[in-house]
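Asker: Okay, here's what each chain looks like letter by letter:
Number of protein chains: 6
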Amino acid sequence: MKLLLINPNISESVSALIDSEAKRVANKSTEITTLTAEFGVAYIETRFEAMVGAYATAELAARHASKFDAVIVAAFGDPGLLALKEALQVPVVGLTESALVTACLLGQRFSIIAISQRISAWYRETVQANGLIDRLASIRTLDQRVQNIGAIQQEHAAELVTLCNQAIAQDGADVLIIAGAPLAGLARTIATEIPVPLVDGVSCAIKQAESLVSLAPQTARAGSMAKPPVKPNKGLSEAITKLLAADVIR
Amino acid sequence: MKLLLINPNISESVSALIDSEAKRVANKSTEITTLTAEFGVAYIETRFEAMVGAYATAELAARHASKFDAVIVAAFGDPGLLALKEALQVPVVGLTESALVTACLLGQRFSIIAISQRISAWYRETVQANGLIDRLASIRTLDQRVQNIGAIQQEHAAELVTLCNQAIAQDGADVLIIAGAPLAGLARTIATEIPVPLVDGVSCAIKQAESLVSLAPQTARAGSMAKPPVKPNKGLSEAITKLLAADVIR
Amino acid sequence: MKLLLINPNISESVSALIDSEAKRVANKSTEITTLTAEFGVAYIETRFEAMVGAYATAELAARHASKFDAVIVAAFGDPGLLALKEALQVPVVGLTESALVTACLLGQRFSIIAISQRISAWYRETVQANGLIDRLASIRTLDQRVQNIGAIQQEHAAELVTLCNQAIAQDGADVLIIAGAPLAGLARTIATEIPVPLVDGVSCAIKQAESLVSLAPQTARAGSMAKPPVKPNKGLSEAITKLLAADVIR
Amino acid sequence: MKLLLINPNISESVSALIDSEAKRVANKSTEITTLTAEFGVAYIETRFEAMVGAYATAELAARHASKFDAVIVAAFGDPGLLALKEALQVPVVGLTESALVTACLLGQRFSIIAISQRISAWYRETVQANGLIDRLASIRTLDQRVQNIGAIQQEHAAELVTLCNQAIAQDGADVLIIAGAPLAGLARTIATEIPVPLVDGVSCAIKQAESLVSLAPQTARAGSMAKPPVKPNKGLSEAITKLLAADVIR
Amino acid sequence: MKLLLINPNISESVSALIDSEAKRVANKSTEITTLTAEFGVAYIETRFEAMVGAYATAELAARHASKFDAVIVAAFGDPGLLALKEALQVPVVGLTESALVTACLLGQRFSIIAISQRISAWYRETVQANGLIDRLASIRTLDQRVQNIGAIQQEHAAELVTLCNQAIAQDGADVLIIAGAPLAGLARTIATEIPVPLVDGVSCAIKQAESLVSLAPQTARAGSMAKPPVKPNKGLSEAITKLLAADVIR
Amino acid sequence: MKLLLINPNISESVSALIDSEAKRVANKSTEITTLTAEFGVAYIETRFEAMVGAYATAELAARHASKFDAVIVAAFGDPGLLALKEALQVPVVGLTESALVTACLLGQRFSIIAISQRISAWYRETVQANGLIDRLASIRTLDQRVQNIGAIQQEHAAELVTLCNQAIAQDGADVLIIAGAPLAGLARTIATEIPVPLVDGVSCAIKQAESLVSLAPQTARAGSMAKPPVKPNKGLSEAITKLLAADVIR
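Chains as they are written, first to last, in numbering that gives the first Met the number 0: chain A, 0 to 249; chain B, 0 to 249; chain C, 0 to 249; chain D, 0 to 249; chain E, 0 to 249; chain F, 0 to 249.
None of these hints come from the bench; they were simulated from the model. You may find that some hints are simply not true.
To be verified - Distance condition first, Cα-Cα at most 16 Å in a straight line; then the derived EDC-like pairs of lysine to aspartate or glutamate:
1. A:K233 - B:D68
2. E:K1 - E:D68
3. B:K233 - A:E11
4. C:K233 - D:D68
5. F:K233 - E:D68
6. F:K233 - E:E30
7. E:K1 - E:E30
8. B:K230 - A:E192
9. E:K230 - F:E11
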């Protein structure tokens with residue numbers, strides 16, 4: 000099985016973290032390919048940055064998805080996820096949605112531990128768009144501005160552990176989501192220090208993608224996840240134009 | 000006061016409808032400029048198309064917004080609206096949010112009348128993201144595939160009136176939103192045939208934009224509507240790069 | 000355009016504040032008339048006081064509304080607002096609903112800053128009745144009993160600024176509503192001290208009323224905003240009796 | 000124990016129905032007194048009528064409540080209920096809230112059967128204000144305009160039974176609320192024809208009031224149900240003035 | 000009238016508390032019988048313990064309910080309540096649901112005061128399953144592990160009073176539920192120290208059960224509260240087998 | 000990896016269906032063991048039956064779980080699921096929750112296709128307890144009473160396909176959950192006839208269980224999913240007594 004991970008931000012260091020964590024958790028027979036957005040920002044904290052990341056992800060997906068069994072949108076907040084679910088003919092999952100549904104299997108209420116205060120509004124809206132706001136115990140975040148996105152988990156490990164323990168003791172979390180690709184792998188590193196299960200977006204997404212490929216559901220030909228109706232367009236890349244052209248026969 | 004309307008789809012005929020309706024309703028001293036997306040699709044019904052429209056809108060906004068007092072995202076579902084609210088230093092409103100809040104002033108529950116069945120999932124999610132799902136009585140839509148987007152209100156006027164009356168009698172709507180830029184102006188045309196107030200996205204957006212400019216609220220320098228923190232980026236257009244560069248001093 | 004503002008409490012000093020703020024923000028061609036409730040209490044903090052204020056407002060509206068293009072219920076919690084929307088043939092808006100919808104255009108989540116702890120339950124219920132509770136970040140209030148309602152913003156300006164900053168930093172508010180007619184104008188005074196947009200009920204209500212008059216929606220002849228069905232009544236004032244008598248022909 | 004029932008509408012025939020049903024279900028030692036609003040409308044279907052009914056009820060309650068152990072607001076939609084809970088020093092319950100909580104003990108989801116289509120918006124809002132909208136299966140109503148409010152249950156019994164059966168079979172109701180004082184007693188009359196429990200506002204309110212009197216909870220001296228803070232007022236009836244004057248010592 | 004109270008935990012000391020409080024509040028003509036679970040745990044804090052308690056309660060109910068006019072599930076979280084409502088032919092109420100609905104009549108928002116931190120998740124879910132989460136102001140609990148369940152209210156009275164006052168001042172509660180059978184009677188003991196009404200599960204359940212018996216609603220023969228359809232079973236106790244055998248004729 | 004599936008009902012024919020579907024979808028290295036409840040009913044449609052099934056499942060789990068890497072509660076409505084998540088030291092997943100979260104990855108809104116009208120209330124509550132009611136488009140069910148639970152999918156295949164198509168066209172479902180162990184495998188059989196993805200509880204549960212075992216989250220030692228605190232108990236089976244005895248050291 001071949002999985003394509005697309006990092007919607009431009010940081011190769013983050014892609015490397017994602018790729019490494021993905022390979023660690025994937026089944027032996029799963030091949031992992033990780034691509035980095037060709038345009039965009041260093042890391043995504045806001046809706047504007049997510050919008051840019053979504054488009055950059057779509058470009059890469061349109062170009063490469065046909066060679067893979069599933070696609071993973073590998074950034075915080077799942078930029079462009081629903082758009083790609085419509086357009087691609089293979090399963091597409093996001094880091095956030097995968098972490099959310101996995102957390103739901105491990106506890107009734109989850110908290111999210113994230114890298115910056117600015118990111119919390121965007122993540123709260125993502126949980127809400129997933130319909131899971133009632134299971135969100137809290138979002139707790141580092142409070143400085145991010146300096147070195149590639150080293151954030153090394154430099155802030157102790158603070159992140161503190162946030163985890165606060166979420167359990169004060170917010171009633173049964174399970175914690177360590178959110179954001181820059182924190183990929185941290186859940187594994189600090190697991191034994193924390194008295195509840197930790198969930199990591201990358202590893203959850205790999206497992207959910209593998210499961211979907213294995214379950215092999217039919218591609219939607221009706222409903223809101225079917226391909227967009229064919230219609231005139233212009234100015235799009237060759238790959239996206241081709242993606243939108245191939246209408247499903249009904 | 001100068002208002003910039005950006006049509007996120009590529010249909011000049013739709014832009015003309017929008018422009019005409021906007022000018023009809025604007026205050027005398029308001030100057031209206033309507034731009035059409037330089038890339039994208041003929042009309043937006045899906046999340047993928049909205050993602051493309053959002054990016055095309057952002058490109059135009061980044062290039063032109065500094066010359067205007069407010070910007071209006073002039074398409075169904077408000078593609079990219081929250082992203083632009085973050086990035087621009089002037090008020091930005093969307094057709095949908097403007098219609099929703101105006102409808103809320105005219106009745107307790109509203110229905111939405113729209114051009115295609117496919118569009119309803121996307122619109123439902125927009126209402127949900129606006130936090131107003133409890134006031135949504137129903138979404139009723141034409142059920143054929145759209146053929147001629149520029150002529151849709153002429154060709155389907157009678158069916159649209161029927162949908163309106165069903166929403167009142169069967170769904171408990173106090174007010175109706177005639178949704179989608181291709182229906183701009185229809186609310187005015189059929190108003191006397193319908194026994195409840197009708198709301199039109201374009202006219203509502205003009206009025207809300209004029210009001211915001213007049214109220215002159217401070218630009219956000221904190222909270223989730225402040226500009227995204229400055230960080231490395233690449234591959235973006237000159238205009239977007241410049242937009243993201245100008246960080247707010249705190 | 001002629002707008003009638005009705006202050007549902009009996010404080011002429013509050014009416015003066017409202018009137019002054021209304022005139023400052025209204026379009027040049029808009030004529031403002033502000034009336035004060037002929038019976039009731041000095042300021043409204045509770046459901047009982049709101050019930051009294053609603054009735055006093057209805058009496059004035061029944062007597063005067065026919066000479067105006069729109070009516071504004073100019074007190075906290077919008078006492079009697081939905082009742083008047085049913086009964087009057089012109090648009091009616093409330094301070095609270097106008098502030099809420101305007102805040103929604105300026106940010107995803109809003110906090111409310113109010114004059115007394117007692118008032119917060121009543122305001123929370125108003126937000127809930129508007130269907131916008133999911134966008135409410137918090138309500139923060141002064142904690143002493145109100146002494147001098149006409150001077151409250153002068154005497155408590157510093158505390159109110161502190162509450163504003165707490166709502167931003169601790170509650171995640173993108174925008175703040177300075178609530179209650181006794182605080183009319185404060186948003187303008189302290190705007191530059193606060194790093195997010197501030198919203199004021201009076202100014203928002205003027206702008207929303209002007210917009211509705213300009214949009215000229217049909218009066219509801221069906222749905223729950225149509226006039227109450229004619230039926231026997233007794234003991235009502237002449238004005239209210241007349242208001243209820245004129246049934247709409249269907 | 001002495002219970003005061005106040006009919007917020009002016010129809011003596013409805014008061015007679017209420018009084019008779021109340022006496023039938025009350026404990027032997029409970030004395031029932033039923034008063035009729037001195038001003039208002041023949042029956043309440045709308046928010047405006049409810050506002051009038053609330054004020055008329057408050058006048059009677061202010062004058063008489065001190066001689067009773069509890070007060071019952073005996074009309075559809077519980078006009079003025081929360082206001083009276085604040086102001087009076089004895090328990091106050093409404094027909095609707097009593098029916099709702101009793102229905103909750105008899106089934107997971109309830110439907111409401113009511114006398115007119117117009118009334119349904121107002122009743123839906125009442126359920127929502129009680130926080131119980133998720134347990135509402137449906138509201139089904141007669142669809143003609145009410146002609147003879149005192150004879151409505153005789154003239155429409157068969158239609159009402161049909162509505163009941165539809166709510167069970169099509170809407171998933173476990174229990175039905177026969178809503179509105181004009182239908183008082185109908186639940187008893189048709190009970191054996193309907194395969195789920197029926198709930199009647201008057202009888203539920205009597206039982207809930209008797210229970211509260213028997214449980215003898217402390218009167219609120221804090222929180223939002225405490226008496227409104229004393230403040231200047233004018234133009235109120237002697238009884239209401241007196242009611243608002245007696246501040247609780249804290 | 001004969002009421003059967005079943006304590007789902009095995010603590011005779013708790014049954015004695017329940018029985019005493021029940022007899023204190025019951026009408027003179029009401030006979031109270033209190034049974035203790037024949038198997039299970041000393042007190043119920045978790046979902047697993049509630050599951051055990053539910054089954055033990057069902058065994059006793061199946062054996063004894065036919066001799067009573069109503070059954071009360073007399074433990075925290077109402078273990079097995081909906082199951083028994085389906086299976087028994089008499090009204091069944093729970094301590095929690097009775098306290099919740101009674102609290103709703105006394106205030107708009109309630110807090111719950113409980114015996115252990117561990118219990119709060121289970122109670123929160125119970126409120127949610129009752130559809131009343133929007134009226135929950137907070138859950139505040141003792142924070143040590145329970146040592147002596149029979150003496151908990153004596154040993155922790157002062158802390159419990161502090162929790163009550165915090166819920167009023169900080170969480171906005173209008174009314175407090177003193178939760179859990181081990182605290183039966185405490186509401187009465189501390190009532191005068193607390194400035195809002197207190198609600199106790201046992202006394203509320205007695206009153207609600209008496210009311211339902213008096214109202215005498217029909218037993219459900221349709222909907223989700225009707226008896227489970229007859230079908231093959233095995234390995235059940237004689238009493239449960241008999242309970243499931245007697246199908247309702249439709 | 001060894002997975003234990005426990006069928007909470009007593010039907011060996013249903014266990015055989017479950018076992019067969021589980022083995023078909025499991026990874027090669029996964030060993031499947033399927034046990035059937037030793038007491039209970041033929042199939043579970045109601046809360047009472049679910050309560051019995053929960054207890055029967057707990058008995059088997061307590062006896063056998065220590066020899067497995069994860070446990071699957073293999074019936075409709077996930078009887079006893081949260082209880083077992085607390086008590087067992089290995090991951091536990093339910094058919095329903097697994098189907099729900101998998102459906103969420105394949106579409107925004109799902110419908111549930113089920114075997115009997117009676118079952119729908121119980122399933123609706125399960126969705127609600129999972130916090131996913133906003134993503135539920137509808138529940139559609141066969142409307143006769145179940146005759147032959149082992150043969151239901153053969154005998155009703157055409158009707159079930161019709162229900163699927165109605166859910167897509169009329170209710171807006173993007174994905175369908177074929178609910179209930181007796182329908183295990185049907186999703187696979189009819190997949191090509193239905194234009195949206197179908198989700199099956201058994202196969203989803205196997206994949207989710209395999210993923211959790213592979214992710215190897217820490218067992219909860221805090222929060223509401225930790226083992227119940229040790230306390231006196233009596234009358235429990237040897238296996239459950241042992242399960243509750245082993246307290247986690249903190």
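Asker: Which hint numbers doesn't this structure obey?
Answerer: 1, 4, 5, 6, 8
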